[in-house]
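Undergrad: Once you have looked at the hints, place chain B on chain A.
Note that the protein sequences, when read in sequence, are chains A and B. Residue numbering for the first sequence follows the working numbering, beginning at 29 and increasing consecutively. Residue numbering for the second sequence follows the working numbering, beginning at 279 and increasing consecutively.
Watch out, some of these pointers could steer you wrong.
No farther apart than 25 Å at their CA atoms in a straight line, the calculated lysine-lysine pairs in the BS3-like style are these [what the hints assert, rightly or not]:
id: 1; chain 1: B; residue 1: K622; chain 2: B; residue 2: K636
id: 2; chain 1: B; residue 1: K636; chain 2: B; residue 2: K752
id: 3; chain 1: B; residue 1: K314; chain 2: A; residue 2: K49
id: 4; chain 1: A; residue 1: K49; chain 2: B; residue 2: K304
id: 5; chain 1: B; residue 1: K584; chain 2: B; residue 2: K711
id: 6; chain 1: B; residue 1: K752; chain 2: B; residue 2: K587
Stretches of chain A that chain B covers, calculated by requiring three or more beta carbons in the stretch to come under 8 Å of a beta carbon on chain B [as the list claims (entries may be wrong)]:
id: 7; stretch: 39-50
id: 8; stretch: 56-63
id: 9; stretch: 70-82
id: 10; stretch: 87-101
Going by beta-carbon spacing under 10 Å, a handful of chain B positions derived as facing chain A [said to hold, decoys possible]:
id: 11; residue: Y292
id: 12; residue: L303
id: 13; residue: K304
id: 14; residue: M306
id: 15; residue: L392
id: 16; residue: A401
id: 17; residue: P509
id: 18; residue: S522
id: 19; residue: G527
id: 20; residue: L530
id: 21; residue: L531
id: 22; residue: I537
id: 23; residue: G543
id: 24; residue: A544
id: 25; residue: M553
id: 26; residue: G648
To be clear, the hints were calculated from the coordinates, so they are not data collected in a lab. Quantities reported herein were computed from a predicted structural model and do not represent experimental measurements. Beta carbons: idealized from backbone N, C-alpha and C, even for Gly.
Here are the chains, one letter per residue:
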Amino acid sequence: MIAVVTIFILAIFVGLEVISKVPMTLHTPLMSATNAIHGVVLVGGILVLGQAHSVGGIVIGVLAVLFGTLNVVGGFVVTDRMLEMFKSKRGKR
Amino acid sequence: MNLAALSDLVNVGYLLAAIGFIVALKMMNSPATARKGNWVAMGGMAVALIATLFHPDIVQSLTGTGAGVDDVMRGETIRNYVLIAAVMLIGAVGGIASGRKIQMTAIPQMVALLNGLGGGAVALIALYEFINTPDPSRVQSVTTVLSAIIGSMSFSGSLIAFGKLQELLPGRPITFKGQQGVNILLFVMVAGLAAALMFFAASPAVFAGLLVASLVLGVSGVLPIGGADMPVVISLLNSFTGCSAGLAGFVLLNTALLIGGGLVGASGLILTLLMCTAMNRSLGNVLFGAVGAAISTGPNAALAGKQPKAYSVEDAAILLSNANSVVIVPGYGMAVAQAQHQVKEMAAKLQAMGIDVKYAVHPVAGRMPGHMNVLLAEADVPYEQLYELEQINPLFPETDVVLVIGANDVVNPAARYDKTSPIYGMPILDVDKARTVIVSKRSMNPGFAGVENELFLNDNTVMVFGNAKTTISKITGALDSY
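Only chain A is shown next, with the shape it has when bound in the complex (with noise of 0.2 Å):
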């Protein structure tokens, strides 16, 4: 146990590090992209739908997977949308 909350708080501190100097104009983008990252939490939906085996199981299984993948898609093209306009724009100047 000690070595998963070793992880965790590595992971924090890597996390209050890697944010540090964005620009303004990122601060969109950069939320919307952290905000696909979390749907990583669809690992876990899938792991519950996997080992589900009782109709209640597959109900909660089913709807996270669900929340989960559309937060991760739905976050990533959002994101890559965003980012395609200011790349475009920069490009041109």
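TA: Just chain B now, with coordinates in the frame of chain A:
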């Protein structure tokens, strides 16, 4: 392959995913590499998801020979794989379709909605683990309860934020008498139920009560926050969902969740604080500003009793056509009315008439920091016409006409001198120093900070009331006549 080796392989997959997420966030710190960074994050996510399909916890009931693994169990596991594939396909199609279709102006509420779904998924996982872990360790029961609370709050809070931005709910702060008391009571209830679950009675009824109380707390926490502060709220809830996903990692002993969740929990918090700094407000002020102390700073005495000058669109068009230099200040109202294309059209017409046109973009203009740049980019506004606060402020005294479109607090002169104003100290665009200011606004209602704006009553200010989109396209039409 035996299960231990498979477990190692899955964990190597999670390690690669974690490295991908970290590298991706680093790349997103700079505009040049941001888009590639997002792709790296996608790649990391794909690795994590594929690895999970081979997770020993699932695979063992398919190939294993241990106790309880029989043909029924195998059949159910195969059915579960089919379900996973089907649901993910549906979710992916839905996610791609809505992500592509969504208007750029509606991005903030889209992020809110997606974030809420993530929080909901965490709460569901916590619920499942609570039911199916008969004898949890202390750490597991604590993290299950915490991820359930934070996940549900993030779910309901994000839905309220979505409702406010989508204008299904009123954007103004919703407050009522005794609100503080209700919130404190809810908080005590959640804490009490959580303690009961962790230390005394792990009963499903108590857990259900905890979920309901957390959902209500999420609603009542976000309701009193105004629409303009929703970006900060969404960013904070984003961090919440990250934390709860990380906590779910403790429950499932899963490194992908631990690292992905921990990263987002921490970076989301930093981002939230950066947004608050840009608005010169504290996080506490954003979250609890409207509760309790109602803000009431009237216009100063010299302006008391003055009425704003209302102009027609034709009058505004005459003013614009007689100018040599025009600065357009787009704001929240323009984003709401989705008027960026009309604004671009009008600007093109003014330029064709030989008038110099610039855009002044306040750091927090729009609905999120940087949102206005995205909107103007979408409407193909030339990048070199965009001016930032520090560049444009010295130019205002030489500007003939400033056209403020749906901006309010970012052009309020009170921020410069009125120490009692809640926006005191926020850097503003000094539009009041221009020769004439035209303000396109729906009504005289104060902005989301709830502050009166003396700019609207100044002698050199004229107001054109109405929806920004309609107003601007009418002005463009009227320009033809002059």
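Undergrad: With reference to the structure, classify each hint as holding or not holding.
TA: Consistency of the hints with the structure:
no. : hint            : verdict
1   : B:K622 - B:K636 : holds (11 Å)
2   : B:K636 - B:K752 : holds (20 Å)
3   : B:K314 - A:K49  : holds (18 Å)
4   : A:K49 - B:K304  : holds (10 Å)
5   : B:K584 - B:K711 : holds (19 Å)
6   : B:K752 - B:K587 : holds (19 Å)
7   : 39-50           : holds (count 11)
8   : 56-63           : holds (count 8)
9   : 70-82           : holds (count 12)
10  : 87-101          : holds (count 14)
11  : Y292            : holds (8 Å)
12  : L303            : holds (5 Å)
13  : K304            : holds (5 Å)
14  : M306            : holds (5 Å)
15  : L392            : holds (5 Å)
16  : A401            : holds (9 Å)
17  : P509            : holds (8 Å)
18  : S522            : holds (8 Å)
19  : G527            : holds (7 Å)
20  : L530            : holds (5 Å)
21  : L531            : holds (6 Å)
22  : I537            : holds (4 Å)
23  : G543            : holds (7 Å)
24  : A544            : holds (3 Å)
25  : M553            : holds (6 Å)
26  : G648            : holds (4 Å)
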